[in-house]
Amino acid sequence: MAPAPQLCCLRAAVSVGHLYYGDPVQSGEKTHRDVSHANECNFFLVTTSAKRGATVPILLSTTEIIQPEAYANPLPHVLTLTAIVVGVATLGVSLALADAIYKKYGSLDEEEILKRME
Amino acid sequence: MTRHLPVILFLLPLGLAICLPLIGIRRREWCRPLAIGVLAAMVPVSFANLAGVLQNGTIHYDFGGWAAPVGIEWVADGLASVMTVTLSLVGLVCITFLSSVLFPYLGSRIVPFYTLVLLLIASLTGMVFAGDLFNLFVFLEVSALCAYALVGLAGGKALVAGFRYLILGTFGASLYLLGVGYLYAETGTLNMADLAQRVPPLVGSKAIAVGVLFMFIGLGIKMALVPLHGWLPDAYTYAPDRVSPMLASLVTKVALYGWIRIMFWVLGAHAVVYQIPILFLVGVLGAVAALVGAFLALSQVEIKRMFAYGGLSHIGLVLVGISLGNQTGFVGGVFYLLNDAVMQAGLFFWAGAIIHLYGVRTIEDLVRLEGGAGWMSVALVVIALSMIGIPPTGGFLENGISFLARWKRRTILPLSRC
Numbered sequence: 001m002a003p004a005p006q007l008c009c010l011r012a013a014v015s016v017g018h019l020y021y022g023d024p025v026q027s028g029e030k031t032h033r034d035v036s037h038a039n040e041c042n043f044f045l046v047t048t049s050a051k052r053g054a055t056v057p058i059l060l061s062t063t064e065i066i067q068p069e070a071y072a073n074p075l076p077h078v079l080t081l082t083a084i085v086v087g088v089a090t091l092g093v094s095l096a097l098a099d100a101i102y103k104k105y106g107s108l109d110e111e112e113i114l115k116r117m118e
Numbered sequence: 001m002t003r004h005l006p007v008i009l010f011l012l013p014l015g016l017a018i019c020l021p022l023i024g025i026r027r028r029e030w031c032r033p034l035a036i037g038v039l040a041a042m043v044p045v046s047f048a049n050l051a052g053v054l055q056n057g058t059i060h061y062d063f064g065g066w067a068a069p070v071g072i073e074w075v076a077d078g079l080a081s082v083m084t085v086t087l088s089l090v091g092l093v094c095i096t097f098l099s100s101v102l103f104p105y106l107g108s109r110i111v112p113f114y115t116l117v118l119l120l121i122a123s124l125t126g127m128v129f130a131g132d133l134f135n136l137f138v139f140l141e142v143s144a145l146c147a148y149a150l151v152g153l154a155g156g157k158a159l160v161a162g163f164r165y166l167i168l169g170t171f172g173a174s175l176y177l178l179g180v181g182y183l184y185a186e187t188g189t190l191n192m193a194d195l196a197q198r199v200p201p202l203v204g205s206k207a208i209a210v211g212v213l214f215m216f217i218g219l220g221i222k223m224a225l226v227p228l229h230g231w232l233p234d235a236y237t238y239a240p241d242r243v244s245p246m247l248a249s250l251v252t253k254v255a256l257y258g259w260i261r262i263m264f265w266v267l268g269a270h271a272v273v274y275q276i277p278i279l280f281l282v283g284v285l286g287a288v289a290a291l292v293g294a295f296l297a298l299s300q301v302e303i304k305r306m307f308a309y310g311g312l313s314h315i316g317l318v319l320v321g322i323s324l325g326n327q328t329g330f331v332g333g334v335f336y337l338l339n340d341a342v343m344q345a346g347l348f349f350w351a352g353a354i355i356h357l358y359g360v361r362t363i364e365d366l367v368r369l370e371g372g373a374g375w376m377s378v379a380l381v382v383i384a385l386s387m388i389g390i391p392p393t394g395g396f397l398e399n400g401i402s403f404l405a406r407w408k409r410r411t412i413l414p415l416s417r418c
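Heads up: the sequence lines are chains A and B, in that order. According to this note's numbering, the first sequence holds residues 1 to 118 in order. According to this note's numbering, the second sequence holds residues 1 to 418 in order.
Chain B extracted, bound-state conformation (with noise of 0.2 Å):
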């Protein structure tokens, strides 16, 4: 039975968001309940496949019963496992959040936006487990396709803004594919186990160096990788306030996760692709991310731009930790995603509570407050409190490993490695 918990996992919502439009036709006050309580089943599964995956290992599931490199197999590993538990606890407050108070505007559009918001959770669950790189293409664009389509529920600007993270969004979606396309060629097969078997003799091949150049491209457009960012600030901070939250929380760290998988997975932890060692560039990358997004977020007026700016410099802070190169210093990195994951959620929440309690949408409007939002600044101060890292909270416990990993390596600084 355990053997079938990551399906479930992902069958659970694509069901429903498939069954949902025919509910809707007569049941249009369903959608609410039911989609709160599919998500809320599939906490209790991603825990009980965590324990599987803890208890007995890692599981190959082989669709069709084609075994592996001939067939698609899903690999459901302590991380993939991690990963989802995030994905389904967040997902699930996310979607409560969702409902509290619906869009007036929508009426019988509500049938199709919680439509869109299931396809998003089944296509993220998806993309954790996939074990071949086309697969993860597949619902890297399903994903995609849904949050172009929520970020532009809005109207208005946001219509726009969702039109400019479609192009760029399909822009490196294509450019993925293009890499994968050459890394087939070149070893002809798309299983990330094989490929870890076949990459490694021929690293030194340009079309290996040019696969992967483009796939870490494409994916850095849809993680939101700084130089590539273009897309996010104005897509995070116009989108509805009630969909933001899972979008930001969400959307760019499955990308990552992505990112990782592909890295330490496909090319092994310490490749060399044409003289520069991969980690000491996505060190790089990270680090430029971290400090640009930061300096960014900075200078933003409006709360909800500047809390999408600093979701940039958490990627580049997720990165930085994994490129150190050793195993505390990967999970770190690991953490500190899982844990962005749920900070960037409740900086969202906070953000889209206050526009909507007190019509609070720039820095300058919190003085207008006066302090009568009291536990609206206690729950401000918790969430920052995590993101600068003090003691209680994940925060600390991130910046501690990640300290702990540079110690052991004799460095303090990101960047002096190498």
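With the rest of the complex left out, here is chain A (with noise of 0.2 Å):
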């Protein structure tokens, strides 16, 4: 569980760095970059549901009384899943922006942008 975090906090932090301080990459990969990095968080939640010798979380009898410690738990599954579909709608208007952006300015390079908007 220990490394997950600080890999998303450093390539959070380094796709951030990448947008505000010019990237030489086609700005067309930075904006999927951006949101990547909210799928590194949701890696690192999902990791919160594992357990030693668990299985997925659908009953294996309904007869039997019901053992937590034989499941995953579900409810990071369900966070996971939520996230995802936050990040999807993200990923949308982020696209939606950058293609009025490279309507309006001929391109999508972070300081060409700066130099036409002069």
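Check the hints yourself; a few may be wrong.
[What the hints assert, rightly or not] In the PhoX-like style, the derived pairs of lysine-lysine whose C-alpha atoms are separated by at most 25 Å in a straight line are:
(1) 103(A) with 115(A)
(2) 103(A) with 206(B)
(3) 115(A) with 104(A)
(4) 115(A) with 157(B)
(5) 157(B) with 104(A)
(6) 51(A) with 157(B)
Note that these hints are calculated values from the structure, not bench results.
Take each chain as given, in its own frame, and dock them per the hints.
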């Protein structure tokens, strides 16, 4: 569990850094990368549901008494699913904005856009 | 019946937001009256909710009949109810202002525009009532997505400002989610009332400290606390003149409300994480934000940008108020929060009106008016008096309460208490 959050923060910081201080790579990718750090949060969330020796959270039998330690915790899965949906919506809005910026300024390069905004 | 009022308050704008695209296919001109009607209906409902809460105490609404720690819960206490009254009143005024002169270039896109505005109001209501941390995250993101789109609506520079807002806003939301993950991993619950019982014994643990830190930085970006305010001035300056009052008065304030909710209802007012009293930290951050925001505002020439920077310093003042740690200070801080929602809306209404009527965008342009705008000057004087806190206005009450709180602690400077 330990390395995931650090990695996540690092990636998030790197992606914001790229966006703010300009990145030689085509900016279409930047949008994608920005939203991808949200996904890394989701990986971290889903790790909290893991249990040693547990199985997927589907009841094996309806007659026996339910043993919670035999199943992985389903709640983080649901949270992750919701967070993924939020991420998709964010990606949609960001792509729409990036598209509108491209139509207006004819470029997706941050420096180029700033130059044309003057 | 009063039990259901919080949910009705949320469903009113949400329901119309869902129906509006269908209605708009045939009857585009219905959008405006319908939206105003729904907001006007929210006002009495929110007052009824407030009256019910004051009479019968806090409402705990369990969705689907599942009791609180397992199910999703909405909590309508006094603070949340007062907040929704402000939200619906300011929202009603803002939406009326929106439509007084419509954007001629929007055409048929007027329908999605009103849908976005209604979704924004609905999600802010959801944030106010949310009883668990993850619900707060979802509504935070829904409101932020609407705000990004509304900022970008003006086209041109607003698109770039909106995109920047989106990047930083998403970064903030990710940090918040990460913090929620840590708290969940440590305590196994997301419900705020449940967390409030489980967090205090664990408050020395690293996971709680890191989780709380991430959540506060995330919400700090959303409410534009000073070192994290990079997105705000551009976004509010270039946002359409008719949209910026709504964004400036509601979005950052509700994020700040989320912060207050977590600080006082989850961590407890006098929590000490890693030998740092949280209230002291908040007081320092608030004082810095208040001073830096005010200095930055002074150096601006563009009117809207100046008001945007002024908003940063108001956020700081609210934090200073609530950081005093006694009841009077809390009341003063929260009252200033509500007062500021009204003032920011008023300031941006004023800026929008003066741009629309006289084409004045900068302080120098004001000279051109040569006293030709009587009522506009009167309006500005009234808002300005409220901001500096002269007696008949709300600002005076806040300053008075805040001073009283410091007096009670036998300290005048906000920071000398530790």
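Evaluated hints:
| no. | hint | verdict |
| --- | --- | --- |
| 1 | 103(A) with 115(A) | 16 Å, holds |
| 2 | 103(A) with 206(B) | 48 Å, violated |
| 3 | 115(A) with 104(A) | 13 Å, holds |
| 4 | 115(A) with 157(B) | 12 Å, holds |
| 5 | 157(B) with 104(A) | 9 Å, holds |
| 6 | 51(A) with 157(B) | 50 Å, violated |
When each numbered hint is compared with the structure, violations occur for hints 2, 6.
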